[in-house]
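S.K.: So the chains spell out like this:
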Amino acid sequence: MQSQELNLQPEPGRKQASGTWWATLRLPLLALGGALALTTLVLLSSGVSPLQAYRILIFGAFSTPVRFSDMIMLAAPLLLCATGLTLTFSAGLYNLGVEGQLALGAVAAMLPLRLFPELPPALLWSLCFACAAAGGALWALLAAWLRLSAGVSEIFAGLGLNFLASGLALYLVLGPWRRSGSASMSGTELLPRELWLPTLGALRLAPLAPLLALLALALVWWAVRQTRWGLQLRAVGLNRVAADRLGVPAQRRIAEAMAGCGALAGMAGAIQVLGVFHQLIPNISSGVGLLGLLVALLVRADPRWVLPVAVVFASFTVGSVQLPLALGVDSSIAGVLQGALVLFALLARGLSRRVTG
Amino acid sequence: MEVAVHNLCKAFGAVRANDDLTLRFAAGQIHGVLGENGAGKSTLMKLIAGFLRPDGGSIRFDGREASLHGPGAALRAGVGMVHQDPLDLPAFTALENLLCAAPRGAIGSRAAGRQLLSELARRLGFTVEPDAPLASLTVGQRQQLEIIRLLACGARVLILDEPTTGITAAQTRALFAALRRLAAEGNTVLFVSHKLEEVAELCDTVCVLRAGRLVGEQLPMPVPQRRLLELMFGAAVAQPTAGGAGEVRITALRSEGGLPANAGEDGTPALPGLHGSPTTERIAGEAVWQLAGVSARAGSVALRDVSLSIAAGRIVGLAGLDGSGQPILLRLLTGRMRPETGHILVNGRALSGGGSRAYRAAGIEYLPADRLNEGMIGALSLTEHFALLQNAALVDQRAAERAARAAIADYAIKATPVTPIRALSGGNQQRALLALVPPDCRGIACEQPTRGLDVASAQAIWRRLLERRLAGCAIVFASADLDELIAYSDEVLVFFAGRVSAPLHRAELSVARLAELIGGVGFGGG
Amino acid sequence: MRQTPLQILALLLLAAGLLAACGQQQATQPTSAPTAAQPTSAPTAAQPTSAPTAEEYVFGMVLVGPINDGGWNQAHFEGAKYVEEQVPGTRLIYIDKVNPADRPNVQVEQAIEELIDQGAKFVITNSAEFADGTAIAAEAHPEVYFLHASGDAVLRGVAPSNLTNLMGRMEYGKMIAGCAAALQSETGKLAYLGPLIDPETRRLVNSAYLGARYCWETYRGQPADSLAFKVTWIGFWFNIPGVTLDPTKVATDFINEGYDVIISGIDTTEGLVEANKASQAGKTVWAVPYDFRGACAQGEAVCLGVPFFNWGPRYAEIIADARAGNFTSQWEWIGPDWNDINNSATSMIGFERGPALTAEHAATLDEFIGKLADGSLNLFSGPLNYQDGSVFVAAGETADDETIWFTEQLLEGIEGQSAP
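First to last, the protein sequences are chains B, Y and R. Okay, so the first sequence: first residue is 1 according to the working numbering, each after it adds one. Okay, so the second sequence: first residue is 1 according to the working numbering, each after it adds one. Okay, so the third sequence: first residue is 1 according to the working numbering, each after it adds one.
Hints were generated in silico from the structure; no laboratory data involved. Model, not experiment: these values are computed from the prediction. Take these hints with a grain of salt, some might be off.
Only some residues are given here: those of chain R computed to face chain B with a beta carbon under 8 Å [what the hints assert, rightly or not]:
1) Ile93
2) Pro104
3) Asn105
4) Glu113
5) Asp117
6) Glu129
7) Asp132
8) Ala140
9) Val144
10) Asp198
11) Phe236
12) Thr358
13) Glu360
14) His361
15) Ala363
Here a beta-carbon is modelled for each residue, glycine too, at the ideal position from N, C-alpha and C.
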């Protein structure tokens with residue numbers, strides 16, 4: 001765990017070393033090239049024209065307003081998760097529990113919907129988001145507490161809590177919150193139409209979701225880059241021992257970073273409930289948390305790149321839905337491309353570090 | 001088996017750890033290898049045991065040149081090394097450790113392994129139960145198991161690096177008896193130690209290394225202690241330690257050793273930043289630190305029942321070889337470790353239960369030897385470090401940069417305010433570390449404040465520290481450099497195997513006295 | 001350089017992705033086969049963006065599970081292929097495995113959008129789970145016709161006018177299945193491998209029970225209370241590891257508890273496969289799979305028969321009508337063609353006898369089917385009580401369609417959960 005600082009944070013000093021465009025773009029280009037090569041191999045091995053597949057993967061999400069709005073509705077929770085993970089990565093934490101935090105946020109968002117369904121929608125939504133943030137933060141704090149008090153790595157604590165959270169969601173869907181007269185893991189009763197987040201016309205795009213995500217991103221960007229709190233967070237992430245020596249309350253910052261990430265992931269869960277699925281389903285996170293981990297990993301917790309990369313990843317995922325119809329290949333090729341990008345980015349970074357340092 | 005090295009060289013960066021060593025260890029004898037910290041003992045042993053590969057020169061076993069690709073190859077050639085911390089698998093039993101570490105085919109079956117283990121243990125007078133889980137064994141028993149393992153694997157040369165650290169007196173006696181027996185059977189034993197008395201008790205010959213070179217070759221024991229100290233720490237030690245002569249000697253030593261040689265008119269070293277003699281009474285104030293009956297333990301080293309008081313304006317040096325317990329005291333003084341028993345008062349307030357942040361709030365600063373891993377954050381710049389020390393919620397970028405510029409000017413740091421700390425040289429890093437100490441600090445505990453620095457940088461660091469002392473700061477520093485200890489300390493505490501000497505006041509200090517104490521002479525037996 | 005945990009994690013993720021992709025490759029072989037075979041008949045099929053030709057009528061299908069599941073989804077897929085054969089100029093496009101486990105980020109609306117984008121003028125969705133999504137999509141696309149199979153939006157009056165419902169009266173199939181099970185059983189212990197609990201699955205369990213009880217009493221001459229009938233619900237239409245109960249394990253548990261016929265209510269064939277394994281291991285067990293006419297192939301030695309859906313004929317009529325502009329929104333619940341329940345051109349519901357059913361029992365079963373066909377036997381006749389003792393059908397009455405459709409509980413005499 002001590003070498004984590006090497007990989008995650010942007011390194012301003014290195015960038016200054018050589019200012020040419022090649023030096024700045026070399027790593028991303030290498031990573032992109034490697035990822036494309038690997039994905040192309042996979043595509044070729046399944047007998048599909050890679051160019052067509054790429055066209056669909058990359059531009060598919062922008063081809064119609066419907067797909068574009070689907071992409072936005074995936075990008076919004078993804079952005080929230082990746083933004084939250086920026087916090088934890090800055091503090092040198094591997095918050096693998098983000099999936100569970102999202103799920104718990106979704107569960108918490110259901111509470112006001114079930115308890116006070118007659119409240120005015122705007123108030124109810126605010127309540128939902130507040131509950132979701134609190135639920136996610138609580139779940140994250142549980143992992144932080146395990147790490148700080150019992151020395152359980154937040155990776156394993158997070159993974160365990162993920163199982164617990166999805167188990168809880170499943171129990172609620174099949175048990176106390178089931179549809180009347182039936183028990184199916186397909187989800188709870190749909191929310192009444194007036195409680196869905198308002199959308200743009202007939203599209204599924206609920207503007208509140210991306211708005212919230214962008215707001216969160218801006219806030220986190222500001223907090224990490226401009227405040228002393230953010231600087232302390234980075235200091236803890238880079239070198240906890242030294243930060244502690246310099247008077248930074250490291251444990252507290254770790255807990256705060258986890259709670260912040262959990263709150264944002266919880267809000268992503270609320271978006272899944274209110275704006276995407278309009279019900280609680282067992283797999284409410286739909287892997288958005290893990291995708292967020294990939295995004296955060298690729299951007300090295302640099303808030304400037306979170307938005308574009310989240311949008312690109314969401315595009316891949318939405319675009320890939322067309323693949324089986326259009327080309328007869330499975331849509332999981334998007335996952336291959338996303339994973340390969342991250343892998344090659346890490347690889348390129350490792351190699352360049354070996355060469356230069 | 002006879003072990004010989006010819007023109008052996010090994011460098012780590014600019015440091016020549018072994019510089020053209022030629023040596024022969026005869027079979028059937030116990031050879032002591034002596035030297036102060038960093039003299040190159042461990043490097044030599046690791047070269048012979050295959051853990052390191054030489055830059056130049058050769059290693060010969062019984063006259064045949066050996067090319068060792070690793071410890072496994074060395075063991076096949078008959079050389080085994082027992083480390084300070086035995087390398088074993090705590091989850092396994094003693095027998096399982098033996099079985100899994102043995103080379104393929106060496107031990108036929110579990111039963112054979114059990115028999116071999118019991119037999120070797122009996123022959124050497126060791127008490128290792130084959131089925132005892134390793135985690136339940138003491139360090140001494142694990143060491144015994146390690147020796148058994150090496151012998152079972154065919155070792156005829158045993159290398160022991162500081163084997164008596166952390167084991168009981170009875171185990172030491174058992175170990176020595178076993179080693180003598182092994183030597184009598186024709187094996188070769190290389191015994192690395194700081195402890196002169198043990199070397200005197202056990203070894204047939206002794207060789208002394210200093211700064212990577214051989215300064216005493218195959219001296220048949222007994223050798224007078226004074227002579228060994230002289231070899232270890234330099235020729236001047238042998239001179240009598242009383243009176244002014246000692247002071248002159250320090251000056252002479254210093255010109256050889258590295259620190260400034262500006263001797264004052266009266267023979268005392270003229271300290272930079274101080275006018276006249278450093279009469280400590282003048283600037284000594286109330287106690288910054290008070291320790292009463294403090295005990296603490298880290299690894300195999302334990303400090304027991306330490307009581308002392310360090311007043312504002314005093315400089316206390318901590319002497320001793322590595323692993324003698326100085327870091328424990330430094331960590332206790334800065335709240336990085338809590339005492340098992342006893343009380344620590346800072347500025348008269350009890351802080352024994354507090355953490356490092358409480359100590360820091362009380363004005364205590366810790367300057368670690370590992371500047372980059374413990375002191376500062378390598379990826380951040382000086383400006384960012386000053387921003388970290390601010391109090392407001394929002395970073396005042398301009399103020400931080402101002403502070404960084406001021407520090408760069410005041411401390412002559414060769415850097416820009418935005419250079420990442422890790423891009424600075426060691427001396428500049430150390431100055432940056434000092435620059436980050438808040439002005440109202442009450443006590444500074446430094447670990448090796450000038451380690452790895454050139455003369456000018458070291459001087460500059462001490463000038464800053466002395467300024468702090470004049471401002472009323474108490475300073476405690478650990479150093480391996482006797483000259484530095486003598487030059488700057490108002491009093492020195494010598495550590496030996498977790499025990500702390502009575503404070504040696506400035507007037508009593510001499511290299512010879514320190515060297516004796518560091519080697520354990522004068523601490524009494526046991 | 002040390003590998004950080006995240007590098008390892010990324011590696012794992014990538015490996016998982018690759019494995020998933022490769023795994024899907026095999027699973028979707030049948031998927032790509034039809035699409036790949038398409039160009040011979042319709043050269044434009046592989047061209048995703050080419051507009052359908054003027055005379056071509058593209059219809060889409062969204063399936064909850066894989067098209068080769070040997071059950072519910074395969075039955076639908078075969079029905080759709082039947083339409084392609086029978087109605088000239090029609091072309092099928094489909095997306096299968098639309099469920100949160102297989103496609104976590106795809107909702108049924110999105111799948112429908114894709115189909116419409118590819119030119120579908122008519123969309124069939126095949127799961128009760130798709131009710132809400134289908135209705136939403138239908139509202140968003142009034143120019144496209146929708147068929148929600150197994151749904152009841154029209155019956156409940158909440159369907160838009162471009163949405164129709166179709167379901168087969170599998171109740172008859174399940175009665176026959178239950179009868180076959182009761183005829184063959186040696187222990188008198190019948191097990192029902194249930195999917196999730198909803199009105200549809202409840203009425204099917206009840207039907208199987210009624211058929212079994214009737215044949216147990218009438219043909220075996222045994223008292224009704226000596227027949228054990230147990231249902232275990234797995235929680236979904238098919239196995240989703242970690243989410244549903246594992247049907248394989250449920251089936252082996254049945255066998256170990258002494259149940260000697262497993263009647264399947266789930267989309268997949270675990271009940272048959274496990275019974276076959278147990279039979280090879282020397283146990284005397286049989287199974288009745290479900291949904292797909294060819295299902296017995298996965299365990300002929302123990303297969304008593306399979307009640308199946310034959311969606312093709314009615315699909316073909318509805319799509320031909322829609323193409324001609326004669327779409328009507330209605331709730332259809334179609335029974336077998338009693339003249340020949342296994343006539344693939346006319347009967348919506350059939351029962352394919354399996355090799356394990358003895359000739360004697362087969363003859364008895366035919367007699368039972370004959371009674372159902374001529375109307376002399378209505379098993380939904382009172383007195384029938386729910387599990388909690390409340391009246392389902394009073395004595396002297398018979399249940400009407402809606403009462404059966406919205407069945408609220410399992411019947412008295414069945415062991416198992418009625419509602420969660």
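S.K.: Hint by hint, say whether it matches the structure.
M.R.: Here is how each hint holds up against the structure:
The interface hint given for R:Ile93 is met, as the beta carbon of that residue sits about 6 Å from the closest beta carbon of chain B, less than 8 Å. Here the hint on R:Pro104 is kept, as its CB sits about 4 Å from the closest CB of chain B, short of 8 Å. A distance limit of 8 Å between C-beta atoms decides the matter here; for R:Asn105 the minimum to chain B is near 5 Å, and the interface restraint holds. The beta carbon of R:Glu113 is positioned within 8 Å of a beta carbon in chain B (closest approach about 5 Å), and the interface hint is therefore held.
Interface hint at R:Asp117: satisfied, since its Cβ lies 6 Å from the closest Cβ of chain B, which is below the 8 Å cut-off. Using the Cβ-Cβ criterion of 8 Å, the hint placing R:Glu129 at the interface with chain B is satisfied: the shortest such distance is roughly 4 Å. Residue-level restraint check for R:Asp132 holds (minimum Cβ-Cβ distance to chain B is 5 Å; threshold 8 Å). With a least beta-carbon distance of about 5 Å to chain B, the hint placing R:Ala140 at the interface is held under the 8 Å criterion.
For R:Val144, the suggested interface contact is broken, since its CB lies about 13 Å from the closest CB of chain B, more than 8 Å. With a least beta-carbon distance of about 4 Å to chain B, the hint placing R:Asp198 at the interface is held under the 8 Å criterion. For the restraint placing R:Phe236 at the interface with chain B, the shortest Cβ-Cβ distance is roughly 5 Å, inside the 8 Å limit, so the hint holds. The beta carbon of R:Thr358 is not positioned within 8 Å of any beta carbon in chain B (closest approach about 37 Å), and the interface hint is therefore violated.
The criterion of a C-beta within 8 Å of any C-beta in chain B is not met by R:Glu360, whose closest approach is roughly 39 Å, and the hint is violated. The criterion of a C-beta within 8 Å of any C-beta in chain B is not met by R:His361, whose closest approach is roughly 34 Å, and the hint is violated. Proximity of R:Ala363 to chain B is violated relative to the hint, the smallest CB-CB distance being about 39 Å (cut-off 8 Å).
The structure shown violates the earlier hints numbered 9, 12, 13, 14, 15.
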